[in-house]
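Colleague: Sequence:
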Amino acid sequence: NGAANIGDTDSDGWLDVGEIWQFTCTATLSADTTNTATAWGTAPWGEEVWATNSAFVDVIAPQLSLVKTADRSEVVAGETVTFRIEVANQGDTPLTNVVVDDGLPACALSAPAGDDGNGALDPGETWVYTCAMAITADTTNTATGEGLDVLGNRWTASDSATVTVIRPGIDIVKRADRQFVYPGETIQFTLDVRNTGSAPLYEVVVTDSLPQCQLAGPSGDDGDGVLATGEVWSYTCAVPVCEGEYFPLPDAVHLAGSPAVGGLCSDVTNTGAVTAKNPSGQPVSDEDTVFVDLIRPAIQVIKLADRTDIWPGETVTFDIYVKNVGDTTLTDITLTDSLPACVLSAPTGDDGDAALAPGEEWAYTCSAAIEVDTVNTARATGKDPRGTVWWDEDSVAIYVCID
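Residue 277 in this note's numbering is what sits at position 276 of the sequence shown, and the numbering runs on without skipping anything.
FYI, nobody ran anything at the bench for these hints, they're computed from the structure.
Mixed in with the good hints, there may be bad ones.
So the derived label-pair ranges between C-beta atoms look like this [to be verified]:
1. ALA229 <-> SER286: 12 to 22 Å
2. ALA217 <-> VAL376: 53 to 63 Å
3. SER286 <-> THR70: 27 to 37 Å
4. THR29 <-> SER111: 40 to 50 Å
5. ALA40 <-> GLY153: 29 to 39 Å
6. SER111 <-> PHE292: 17 to 27 Å
7. THR53 <-> THR27: 32 to 42 Å
8. PHE292 <-> ALA217: 17 to 27 Å
9. THR29 <-> ALA52: 21 to 31 Å
10. PRO106 <-> ASP33: 37 to 47 Å
11. ASP33 <-> GLU80: 44 to 54 Å
12. ILE7 <-> THR70: 15 to 25 Å
13. GLY19 <-> THR97: 34 to 44 Å
Each residue gets a CB set at the ideal place from its N, CA and C atoms; glycine is no exception.
Taking the hints into account, I'd like the entire structure generated from these sequences.
Modeller: What follows is the structure in structure tokens.
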């Protein structure tokens, strides 16, 4: 400190018996240091005497590290995640009073593994803590650790682990190109599979409940085999419908065109199903059903006269019966009579819905004076659910006797 003889109380420049002189100096150390001081002096008779002593200073380099990890980074809401916290002494001096805190109160830390029992985190030693909890929302969990070095200084470290909550979802929509189908036609089914969630889906499998539906596709896959969020895969199949007994009343029921030969011979409730796995390996699934009505529309007309042999000018009363002999409802029913003078009555037998249901029969009457031999024809038409017009007609002959 610039003073050579602090302690020379009598200021005579002599180190008297029992007298202590003190010298000080300050140095900045960057490594362990053994500092040696030497003192010498001259005795009254001229002999030089000396003494030496050393002091050791341990330059410590405390360092605390903390690493926090989660056993998985993506989970479905409600799944349990196990967190692991590793606290290590990477310095060269023990740390005591080690405290580790997890940022999630619900995550109760275990006792540390790795402590050799002395309660101090020795250089090179690692303590491991774990905790587990259910995750319901995106979570960034930060853990902190601290410890004291031999000088009482506090050392800290922290680390975070992020867990993202995924919401997997899948949707399948099945549709047919027509709701009503005639025998001999082919039904085209389409199945659209969409990822409606927030995570990619793997191992996508689509099945159809109809054995005749041999699925083709998918289209829409970008080639990675993974159904990404928002991605849609489309599958298709074509199923023929068998011809069956298409004309239940030969020569009486008519539809232009000739039906083709097929294979599906009844109404069908067809279900498409999809399964897949989310990134956690858990399954997700959905299904959708479409109904296709195989219809065999047919309408029948029967026309009767109260007599078929008359004198000129006599009145004949006609009864006309219109019946739905098919298996689907017909609408927009019309009935015409070839005799303009025969004004048809309103039908009886209609249940009030103006539709001719399967098995339902409507009855009409009309009367007309007949002068000459006459063939009176009634023609009925009706529309099926697809808008196709079906018709039938029937005739009765009236013979006029001439005296």
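Colleague: For a quick check of understanding: which of the numbered hints are violated here, in increasing order?
Modeller: The structure breaks hints 6, 7, 12; every other hint is satisfied.
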